[in-house]
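Q: Protein chains in written order, with our numbering: chain C, 13 to 107; chain P, 7 to 485; chain X, 339 to 830.
Please note that the accuracy of each hint is not assured.
Distance condition first, Cα-Cα at most 27 Å in a straight line; then the derived DSSO-like pairs of lysine-lysine [stated by the list, open to error]:
1. K80(C) to K448(X)
2. K32(C) to K478(X)
3. K76(C) to K581(X)
4. K595(X) to K615(X)
5. K95(C) to K423(X)
6. K223(P) to K123(P)
7. K95(C) to K426(X)
8. K426(X) to K80(C)
9. K138(P) to K25(C)
10. K81(P) to K725(X)
11. K25(C) to K678(X)
12. K104(C) to K138(P)
13. K138(P) to K76(C)
14. K265(P) to K104(C)
15. K104(C) to K223(P)
16. K101(C) to K678(X)
17. K678(X) to K223(P)
Rather than coming from a laboratory, the hints here were simulated on the basis of the structure.
Just so you know, these numbers come straight off a predicted model, no measurement behind them.
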Amino acid sequence: MQVSREEILHIAKLANLNLKEEEIDTYLLHLQDILNFANIVSNAPVDNLNETIGANDSYNVFRKDEVKVFDNNEGLLQNAPEKERNMFKIPKVIQ
Amino acid sequence: MAKEDYEVVIGLEVHAELSTKTKIFCSCPTEFGAAPNTHTCPVCMAMPGALPVLNEKVVEYAVKAGLATNCSITKESKNDRKNYFYPDLPKSYQISQFDKPLCTNGSIDIEEDGKTKTIGITRIHIEEDAGKLNHNEFGSGSLVDLNRAGVPLIEIVSEPDMRSSKDAENYLRKIKSILEYIEVSDCKMQEGSLRADVNVSVRKKGAKEFGTRTEMKNMNSFRSIVRAIEYEAERQIEVIENGGKIEQETLRWDDVSGKTFSMRDKEDAQDYRYFPEPDLVAIRLSDEYIENIRKNLPELPESRKKRYLEEYKLTEKEAKMLTASKYMSNLFEAALKICGNAKAVANWLLSDVSRILNEKEIEPDQIPFTAEQLAKMIMLIEKGTISSAIGKKVLEELFENPKDPEKIIEEKGWVQISDEGAIKEVVMKILENNPQSIIDFKAGKDRALGFLVGQAMKETKGKANPKMLNDMFLEELNK
Amino acid sequence: MNITKLTVHELQEKLKSKELTIEQITKAYVENIEKYEKDVQAFITPLKEDALKQAQEIQTKVENKEITNSLAGIPIGIKDNICTKGVKTTCASKMLENFVAPYNATVMEKINNENMINLGKLNMDEFAMGASTEYSYFKKTRNPWNLNTVPGGSSGGVAAAVVANMVPWALGSDTGGSIRQPASFCGVVGLKPTYGLVSRYGLVAFASSLDQIGPITKDVEDAAILLNVIAGHDEKDSTSTNKEKIDYTKALKNDVKGLKIGIPKEYFGEGINSEVKQSLEEAIETYKELGATVEEFSLNIADYALATYYIIACAEASSNLGRFDGIRYGYRTENYSDLKELFRNSRSEGFGAEVKRRIILGTYVLSSGYYDAYYKKAQQVRTLVKKEFDKAFEKYDVLLTPTSPTVAFEIGTRSNNPLEMYLADICTVSVNIAGLPGISIPCGVDSNGMPIGMQLIGNKFKEETILNAAYTYEQETKFRENYEPTFKGGAC
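With the hints as extra help, turn the sequences into a complete structure.
A: And the structure:
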């Protein structure tokens with residue numbers, strides 16, 4: 013599949029990444045290269061095979077509904093680039 | 007063409023927070039109202055390396071909700087990631103369910119003007135709630151609080167089967183009542199634990215195709231849902247009538263102006279890139295598990311209504327109204343247990359209590375007094391300690407400052423006057439002051455008696471025993 | 339006695355016989371870090387002072403018999419994508435340059451319970467994406483066998499530190515070969531356990547369905563000992579398997595008589611360096627001499643598996659790395675006026691080129707219109723790969739392949755061509771795709787004296803089988819007695 017400039021810009025937007033003008037072509041080239049290789053999967057003999065979901069076959073791994081309080085609450089906020097009154101500060105968001 | 011030529015089509019996506027003790031993927035408490043970011047841990051704060059583990063109660067509650075709404079339960083289910091960036095979504099993906107929701111293909115019945123209508127339920131799935139963005143009152147910017155991040159939700163998606171704002175209200179009330187009955191959500195709309203995304207479209211009557219729909223997100227009061235649907239339907243009809251086209255978009259309802267506004271940049275087309283959550287494993291539910299939940303399902307509003315008709319001889323309307331809210335219905339049963347008078351409890355709840363709820367615009371679960379207090383008030387009337395007129399005043403007081411009704415009437419001096427001497431004194435005084443009424447009565451005008459009793463009530467501030475007053479006036483007038 | 343040349347099981351004996359003290363051991367390693375770090379560049383955050391202090395404390399406690407663990411006081415190095423409470427965990431990224439983990443990974447809890455001593459956090463490719471450790475934001479680690487070559491990756495700092503005797507052993511992580519390939523390049527032992535055997539809680543996720551933590555050690559016995567420490571069910575990781583505990587050291591029987599070894603011939607085809615091939619063929623002869631039965635067979639999945647690997651790993655990574663948004667932790671741009679700019683600029687400035695490349699690929703294969711052609715198809719191929727391995731393990735106990743098609747290459751020679759870099763993972767990724775255990779052990783050196791690695795693949799949860807096969811070969815060939823790194827080259 014041929015990837016267009018518009019497409020890679022759209023993808024970058026979805027991923028919340030900026031691509032500088034001079035980067036676009038390199039990323040496009042690399043993506044195209046890798047996709048060309050990845051296209052091998054379309055020829056794999058998988059017609060009657062289910063998709064693998066998760067890495068192992070286990071199921072019903074549940075947790076009991078019991079409260080456990082995390083013991084290092086300050087640690088959770090110590091890395092915040094900006095905080096105020098124990099909340100993470102961000103530019104104003106109009107909801 | 008006129009408005010009457012159009013039909014409104016409504017579908018609801020109801021989000022209900024489940025009343026589990028802990029969050030869906032970690033052991034943090036779910037309680038509402040804690041100090042910011044204190045109900046958090048590496049998992050719900052999306053620290054690098056933290057992993058989710060599913061709360062078993064969440065699955066159980068969702069299956070309960072599915073069975074109570076006649077859904078099929080999916081035996082082999084899974085969780086999926088829904089990817090998008092927003093500051094209240096710490097992982098930048100929400101763990102939800104995409105193509106294998108826990109429950110599918112259900113329905114519930116709603117009633118309007120005595121007619122029953124079935125509303126289809128497409129699916130119910132489990133997912134995590136997002137955090138909260140607070141406006142910074144003391145400075146610039148917004149502040150992120152992640153206490154709510156990871157609180158379990160079920161999303162109940164309806165078919166586009168509703169045709170009026172009234173339908174939508176009835177449907178949502180029914181969903182709320184069912185979730186309350188099966189005790190999976192406290193459904194406190196004012197705290198946001200029940201909210202709905204409302205999809206609205208219009209089409210010409212008789213048309214087979216649906217019109218283009220718009221969506222209003224996160225609506226959390228019945229009143230604004232009704233208003234928003236009516237406004238939006240009218241707006242859409244107007245656009246079409248003027249030759250315009252409806253755009254599929256998300257709108258924001260503004261309660262103050264009573265209008266909808268466009269919300270998202272058009273350029274930001276969403277693509278959620280759903281894929282199976284690799285940090286969680288499959289959910290496999292056995293027939294035994296499902297049947298066990300079905301067997302233990304609490305009584306639902308329908309069957310409770312039937313019971314009220316048979317056991318307490320209430321009217322269809324009374325039974326329906328009482329059972330609409332589990333809180334109301336529980337209050338009814340608890341008060342009834344104490345005072346033994348079903349008719350009286352029903353009357354009080356459906357007339358005066360409901361009137362006050364309406365005036366205050368609050369829901370039954372916000373009633374501040376207890377069943378015991380209500381029952382005591384009714385018993386005081388039955389004993390003749392107070393009149394029903396005073397009863398109404400006691401009820402108003404119970405809403406403002408709930409306490410033992412006996413204390414209230416004692417403090418307010420509202421005890422009914424049943425002393426023969428005291429009643430006689432009042433009767434004599436009123437007769438003396440109203441000679442014309444005596445003449446009228448003797449001339450055969452029965453209304454005069456009512457007037458005199460009313461005057462005596464006024465004189466005693468409603469405290470006189472009305473039966474005794476009546477009897478004594480008759481006795482004196484007939485002398 | 340050169341303390342740092344001893345394996346951990348040898349150190350344990352010397353501690354037991356009181357020939358050595360915990361403080362002596364830690365001090366010897368700290369000295370080696372000081373001696374070699376400028377050449378090798380293995381550490382992101384060395385914890386030399388902390389380690390010395392801890393050694394003293396543990397020494398006292400052991401003397402007072404407050405602590406009796408047999409591994410008490412043994413130092414260890416930790417790959418810098420494993421969360422260590424109160425210590426920086428950077429993933430070799432500008433994004434997490436100053437990130438102090440608020441909690442310990444489950445494996446760190448286990449290490450701490452043994453009273454082992456953390457010597458520091460080791461270099462890697464940024465977010466474990468790479469095969470040469472050249473994609474670290476901080477530094478390029480050099481291969482101690484030739485300082486002009488790469489140590490492999492992504493656990494390059496880990497393997498280099500072990501072979502340079504800067505740590506006695508260490509924990510790495512392996513998503514597509516990130517333990518085995520650097521172990522091969524650096525001439526040490528690297529084990530990727532079965533998916534689900536070791537808890538991933540606290541391992542900063544690259545690709546959730548492929549990642550596993552595992553040991554990089556000087557010899558096979560040490561790998562078994564360290565696996566004993568870190569294996570086991572963890573209720574914090576839904577994908578960790580609940581199985582009875584095994585003592586892996588008991589599996590080391592030094593006997594492979596009757597062991598059925600399968601040689602998938604596709605792993606010896608074109609693209610495999612001839613010296614690598616020759617060395618592997620000699621290893622196969624050794625196994626035959628030791629009494630194993632060896633048979634060639636066809637496992638025609640290598641190319642599919644590699645394509646599938648890059649689709650799945652990048653898809654999961656694109657989602658896993660969404661949380662680095664500049665709000666709660668990590669790098670925040672100085673250059674923003676609204677939320678959108680905060681998100682985009684923080685991520686664009688905080689991530690390196692390779693990470694961005696993989697996020698873009700992963701976002702692409704999950705996006706609407708392409709999901710079915712790539713992601714869905716890849717998950718079907720994954721089922722195919724598992725089935726083919728299942729078939730192979732009906733016939734064989736162990737599969738033997740090269741770990742990497744080549745020996746360590748020169749720094750800067752491949753990092754500009756992503757696809758070529760990805761192709762180097764061809765021997766290792768199918769093991770992750772199928773969730774199997776794999777071990778790399780040295781089996782010789784090439785004409786330039788660079789180590790060559792042999793990979794042994796086992797069936798699910800058959801770590802014992804591959805450990806014994808590796809151990810038996812190691813006892814016979816004694817690589818460590820014949821070869822050691824020269825620290826030649828460098829000064830670039």
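Q: Look at each hint and say if it fits the structure.
A: Right, here's what the structure says about each hint:
A hinted pair counts as satisfied when its Cα atoms are at most 27 Å apart, and K80(C) with K448(X) qualifies at roughly 20 Å. Of the pairs offered as hints, the one joining K32(C) and K478(X) holds, with about 26 Å between alpha carbons and a cut-off of 27 Å not exceeded. Among the hinted pairs, K76(C) with K581(X) is consistent with the structure: their alpha-carbon atoms are about 20 Å apart, no more than 27 Å. Straight-line distance between C-alpha atoms of K595(X) and K615(X) comes to about 24 Å, which keeps the hinted pair within the 27 Å bound.
Proximity of K95(C) to K423(X) is assessed by CA-CA distance (about 21 Å); at most 27 Å being required, the pair is judged to hold. Pair hint K223(P) plus K123(P) holds up; C-alpha atoms about 25 Å apart against a cutoff of 27 Å. Note on K95(C) and K426(X): the hinted pairing holds, with a Cα-Cα distance of about 20 Å set against a maximum of 27 Å. At most 27 Å may separate the alpha-carbon atoms for a hinted pair to count; K426(X) and K80(C) meet this at roughly 26 Å.
Among the hinted pairs, K138(P) with K25(C) is consistent with the structure: their alpha-carbon atoms are about 24 Å apart, no more than 27 Å. Restraint check for K81(P) and K725(X): the C-alpha separation of about 25 Å stays at or below 27 Å, so the hint holds. At most 27 Å may separate the alpha-carbon atoms for a hinted pair to count; K25(C) and K678(X) meet this at roughly 10 Å. For the hint linking K104(C) to K138(P), the alpha-carbon distance of about 13 Å falls within 27 Å, and the restraint holds.
Between K138(P) and K76(C) the alpha-carbon distance is near 26 Å, which keeps this suggested pair within the 27 Å criterion. Between K265(P) and K104(C) the alpha-carbon distance is near 23 Å, which keeps this suggested pair within the 27 Å criterion. Straight-line distance between C-alpha atoms of K104(C) and K223(P) comes to about 20 Å, which keeps the hinted pair within the 27 Å bound. Distance check on the hinted pair: K101(C) and K678(X) sit about 14 Å apart at the alpha-carbon level, within 27 Å; holds.
The straight-line distance between the Cα atoms of K678(X) and K223(P) is roughly 21 Å, inside the 27 Å bound, and the hint therefore holds.
Comparing the model with each numbered hint stated earlier shows that all of them hold.
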